[in-house]
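K.L.:
Chains as they are written, first to last, in our numbering: chain P, 1 to 193; chain C, 1001 to 1394.
These are calculated hints, taken from the structure and not from any lab test.
Since no wrong hints were added, every one of them can be taken at face value.
Some but not every residue of chain P turned toward chain C, in silico, with C-beta under 7 Å:
1) 22
2) 29
3) 36
4) 41
According to the in silico footprint, chain P covers these stretches of chain C (three or more CB under 8 Å from chain P):
5) 1172–1179
6) 1265–1275
7) 1351–1364
From the three backbone atoms N, C-alpha and C, an ideal C-beta is built for every residue, glycine too.
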Amino acid sequence: MGRLTEVRWHGRGGQGAKTASQLLADAAFMAGKYVQSFPEYGPERSGAPITAYNRISDERCLIHSNIYEPDFVAVVDETLIFSVDVTAGLKKDGAVIINSAKKPEELREALRGYEGRVATIDARAVSMEFLGRYFPNTPMLAALVEVSRIVERERFLSDMKESYGHKFAKKPQVVEGNLKCLRAAMDRVCYEK
Amino acid sequence: MSIRERMSGNEAVATALRQIDPDVFAMFPITPSTEIPQYFAQYVADGRVETEFICVESEHSSLSACIGAEAAGCRAVTATSSAGLSFMNEVLYVAASLRLPVVLAVSCRALTGPININHDYSDSMAERDSGFIQLYAENNQEVYDNLLMAHRIAEHSSVRLPLMICQDGFITSHAIENIELEEDEEVKKFVGEYHPENYLLKKENPLAVGPYGISAYYMEARVAQAEAMKRAKQVILEVAEDFRKTFGREYGFFECYRMEDADVALVIMGSSAGTAKVAADALREEGIRAGVVKIRAFRPFPGPELCEVLKNCKAAAVMDKSEGFSACGGPLFAETSGALINAESRPKLIDVVYGLGGRDFTVESASEVFKRLCGIAKGAEIGPVYSHLGVRSL
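Given the sequences, and given the hints that come with them, work out the whole structure.
P.N.:
What follows is the structure, given as structure tokens:
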């Protein structure tokens, strides 16, 4: 199998972690990759912790199991880091990306001794500034692509421009805001000093 | 020219159904197959299909509506899962015995209880004796391809049996993966139109459908149905061959993965087969000759062909993703051991029940079974012939 990148998303029911995982699959698909995006279903309730996954590879992924040793973890709701072991199995040379206005060093203590990179993105601020509403998925997707380099930055932005062009064919005025939101999120990812 | 796309297994089914544009789709929703009629309803609303889309009040009725439509000479489809399939039980037998080639898409899910929405084959295995042909898929591509072949097999004049295409609930039904779709026109050309020889209101030869069968006739009708299931084997291969020539992807009764020289093998179905292949690859790196046989056609069951591929294997595990409560193994084990019973050369055989109610099956799980087989192949005690994988001690 070619180089395989595995991602685990943590969110709360209704926040769109599953959608974020689908957006990442779309971005990687557009860049020519083989993708998997799948949610882990339980007794879903709005607000309950949920998990979604991605496998991204240069060849078709044959494995159909959950992911226990991801390369990257994305946390859509920062309060989860206190109740869920979000870095469980996360590779040391990987990274966790948390939706938070805090600096990464302020969150590290809650991460149960994770030794790899910690990054944060204030998805709320970016989303409010460019979309006028709180859609955490768009900035989270951009931050994950920025940190993971699953897709090269300019390729990602140009693919997304095309994708939004189709998706919002009847509302072209929102394309620009979404693209600015992606770019800003990529620029504003905070790493530990 | 194939179209590179990405979509879930459910959307792949809905897409194939849009391309096939059946006469009737009778629907009642149930997790995890609900997206199939949901996508299809959009195609109906957008005028992309001419299908009569009937929303009914239960699965018993959705299949009954299909039976009525098929008896009238239409091509009819439906989709369901779990308790929905169980609720169809009575009418599944009616469809099969009336020899009506309904096509049913099943996103397989555990049966209660405890109540559970996740994947195993307790729903489809409970209907293994209903007279439906059953084809299983590893991923979205295979479920799409199986559906493109389904009507041609079911409607073939030497078969005339209903058919269910089964995929793994959530694991493939809700997983977005790459897929090669075929052009609408190419699909329509491959599937063809349905022109049944006889139907209810054919004025030259009107039929009575569903009469009482007294003892003097019942058994002959059942044997005729059994013969049709036997003939389905040939038709499955013929349609697969035409599919290969048309679209380039190969199918048979099962897929053999690295079986040429395998000492140890898993006989397995659905998405777990891919995971098992990755485990086999890794074990081969360690010098263990591991292989995988992925069953595609469970009904009709390819017994003699399976004997042939397993004959040089030393030890094999049949992987059952449903608990049959027989106290001596699951349904796939019963079929496999039955097929091997008179074979002169056959592997030592164990049954491993796994993955019930969505219990995850990993590369490590598959390796664990392979390693047990290696011991058996070297002459170790077989141990329990029938066991459960990854269960916490009770």
